[in-house]
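With the hints as constraints, model all of the structure from the sequences given.
If you read the protein sequences in the order shown, they are chains D and R.
Counted the way the working numbering counts, the first sequence spans residues 1 to 591.
Counted the way the working numbering counts, the second sequence spans residues 1 to 252.
Mixed in with the good hints there might be a few duds.
Listed next, with one range per pair, are the computed distances between beta-carbon atoms [stated by the list, open to error]:
#, chain 1, residue 1, chain 2, residue 2, range
1, D, Glu374, R, Ser31, 22 to 28 Å
2, D, Val343, R, Ser31, 47 to 53 Å
3, R, Phe15, D, Asp481, 51 to 57 Å
4, D, Asp413, R, Asp202, 57 to 63 Å
5, R, Asp149, D, Ala589, 17 to 23 Å
6, R, Asp184, D, Ser519, 31 to 37 Å
7, R, Ala186, D, Gly314, 43 to 49 Å
8, D, Arg416, R, Ser31, 54 to 60 Å
9, D, Ala587, R, Phe101, 18 to 24 Å
10, R, Phe15, D, Ser519, 34 to 40 Å
11, D, Ala589, R, Ile77, 30 to 36 Å
12, R, Asp149, D, Thr171, 37 to 43 Å
13, R, Ser12, D, Gly314, 52 to 58 Å
Since the hints were derived computationally from the structure, they do not count as laboratory data.
No residue lacks a Cβ here, since even glycine has one placed at the ideal position from N, Cα and C.
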Amino acid sequence: MTIQDLLDRTDQNDDRPVVLDEQGKREVRRAVLSGICIPGYQVPFGSREMPVARGWGSGGLQVTVAIGGRDDTIKVIDQGDDEGVNAVNLRRLIAGTLGARTTADTRECTITQSRHRIPEERLHSDQVLVLQVPVSEPLRPVEKSIPECDRMHAEAEYAKIWVAMYEDLVTGGVVNASSGYPVLVNDRYLMSPSPIPRWDVPRLSGAEQLTVLAHGRDKKIYAVPPHTTVVPVTFDDVPFEVEYAAGARCELCGSQDVYLVETRDGGYLCSDTEWCARVRDGDIDPIRHELQVPRSHYPDPGRRVRNAGIELVGRSGLDHTEAVGRTAPGQEWSLAVEHLTKVFGGRLGSSAVRAVDDVTFDVAPGEALGIIGESGSGKSTVMRCIVGEEHATSGVVRLAAVDEGRTNVLDLDDSRRRALRIGLMSVVHQDPAAGLDLRISAGGNIAERLTAAGWRSFWDIRQRAAALLDRVEVPLDRIDDVVGQFSGGMRQRVQIAKALASEPEVLLLDEPTTGLDASVAAGVLDLLRELIAEREIAVVVVSHDFQVIRALTDRALVMHRGTVIEEGLTDQLLADPHRAYTQRLVAAAHV
Amino acid sequence: MREQILRVDHLSKAFVMHAIDRRVESLREVSFTVGRGEHLALAGASGAGKSSLLRCIHRTYLPDSGRVTLTTDAGPIELTSLSDRHMARLRGRDFGYVSQFLQAPPRMGPLELVTGAARRRGLGPRAAADAAAEALGLLGVDELLWDVDCAVLSGGERQRVNLAAGTVSPPQLLLLDEPVSALDPANRERALQRIEQLRAQDVSVVAVYHDMQIIRRLADRVLVMENGRVIAEGDPTDVLGRHITALEEVAL
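Written out as structure tokens, the structure is:
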């Protein structure tokens, strides 16, 4: 073999146009390999400029050009059509660049680049499907912040997507997503299989081919390797449906069990033009095709949410009599705080502030502890340090339910602490907007907590939400109303219902009635008192209002300038305050 | 000799009022005991320290020195040094305090209030509601009022609700602070009968009364207080005859 022979076998030695240099190709291949290793994970890559506009398949083009070669046979389709203008142009570009052959016959190709469809012909293990992606981030509709989306993927915390499903079901009765239906890949990563229709989603799962999805503008590549499970996100008791109209058939070839598109005059045509032509030529293998028909997902109107005929039960569905608060072994508490200190560092000439200085207390199940003090006394900072919204400078926080109280919760990483807030420890904020999403329904807000805690049955979630809302005296017919339309007192009730949704062992109330007018506040206070009394739950109430502390708590701490200056039984603190500061505080409150 | 339920040793309490820089002595070295089922009355002029004594036992006031020992099923417990948490649990369950004025949480009705008291004494939800209804009935609280906000009740009605909450499923020791002071004669008689019945239930009572006839009728023993001290103790007929006559005459 001569050097000239070797050069002949490389791309450098001819005059074919180069749309992606070798460096670019290697980077794309590396991203594809990473994507295969972590199915469904969006691998970032340095997307290059392509001779097509972004949004016209530049991501898919880079992948095809990077993984393809002279020996490949390329098929390009757009909306299922080999002869679409975009498909024709991309095919010519790819073939010209790679020196590869092209075909319309799926059976012959080695790489299929597609927008919108997976070919009706079942792909096999020697083939690669490259999908051009218009929206790569499945969480984009529910979360605008990119770092937040990344965090949710990292922690596999997809409650918001479930809430979006819940909202779709209560407003429209069906899940609205058409193309880009969210799927869970390999039981780990949420993925947008866009741009394929729901019909093609089940056909991705366990498929023999490698599927690579690429988005040029977002600079993301992800993959579904052969034989990988791809599960559409849906509640256990709400069936996932593909697009299928009973009785509809292609006007040209007569096929029924394929993905059909509606024509302007109400008829139907095969979306896959190659398949349609081959059916007419009698050139198909119906048994092989049948293996891939998503028949089990055909719509069954009788099983839809609207037709399920299930009545909401209300508060009688609540049963928390078995909920028994946990204590650490040999201890009485559910929550213990030891020597908690928070110093806000000085900067730009302002001095450091010891907002919380050596605060120690513990709370037992069935007990409510008050923390009282004027604005700036540090009481809310104590709360935020316990919850994890603020990083304490030093000190220890223990929860009986975490490692039997041996672990300092403050040492856990943010994701563990976030998980604690979903199951174990709930917060009711002064501002309902801090604890609720005002853009979604009352039921949806409660669904968020429940789905985060692992609930996957639509009707269980809905019944539980109804029971909780009824318990906090929100009328059941408002369960599907957007919380932003609720009054302040009603929002606070919804927030309380959400806080109790996962039966927490520790409940933290931060000025729960402060933003409300007197009569509404009295009602909320009344409700909290009942809810606390009927549960074996450890409660901490932070307030500057003695009425709130007196109504809700057995014991209380008085905070002043970051330190606890007095503590005792609540009635004793009010009737017999010892410190000068407490006496002034009590006198000023006229209690 | 009766079994001892409560023992108070050298209990002292002073209030330090920082705003006016004054110290007010309220109790000075008070000591006494109460036996099981015994009815002990506290007598004396206003400001003598009777109510303060009850509140120091209940820990609504924190005593400065001295000891309060309560005999419970689990043995004797010293209350002045007991942790707040255990004190909160003991209250209501092992001993009750009926203050002079009803302090009900906002929007709470008599039935709910009394039911709550019965629940804290260990009754189940149904039994507590039944006991509460009975207690309110015994004190003549009109059933029409059982679910209205306590804040709208008259003074006498509130006092009877308060007494009902104290006497429902009664604990072994009750502290009563002028339990019948605001009642008309008919209701007062009902309330006194209810307090008398406690003896049959073996409930010990420490009570403050201003009416000497009530003390003679109900009490086994009386402590006469003056200026924060116990100045006399003994059988009501003897002690009142010697120490209270003048006061009583003034009152009459």
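Status of each hint after checking the structure:
no., hint, verdict
1, D:Glu374 to R:Ser31: 22 to 28 Å, "violated (41 Å)"
2, D:Val343 to R:Ser31: 47 to 53 Å, "holds (50 Å)"
3, R:Phe15 to D:Asp481: 51 to 57 Å, "holds (54 Å)"
4, D:Asp413 to R:Asp202: 57 to 63 Å, "holds (59 Å)"
5, R:Asp149 to D:Ala589: 17 to 23 Å, "holds (22 Å)"
6, R:Asp184 to D:Ser519: 31 to 37 Å, "holds (33 Å)"
7, R:Ala186 to D:Gly314: 43 to 49 Å, "holds (44 Å)"
8, D:Arg416 to R:Ser31: 54 to 60 Å, "holds (56 Å)"
9, D:Ala587 to R:Phe101: 18 to 24 Å, "holds (19 Å)"
10, R:Phe15 to D:Ser519: 34 to 40 Å, "holds (35 Å)"
11, D:Ala589 to R:Ile77: 30 to 36 Å, "holds (32 Å)"
12, R:Asp149 to D:Thr171: 37 to 43 Å, "holds (40 Å)"
13, R:Ser12 to D:Gly314: 52 to 58 Å, "holds (56 Å)"
Comparing the model with each numbered hint stated earlier shows that hint 1 is the single one that does not hold.
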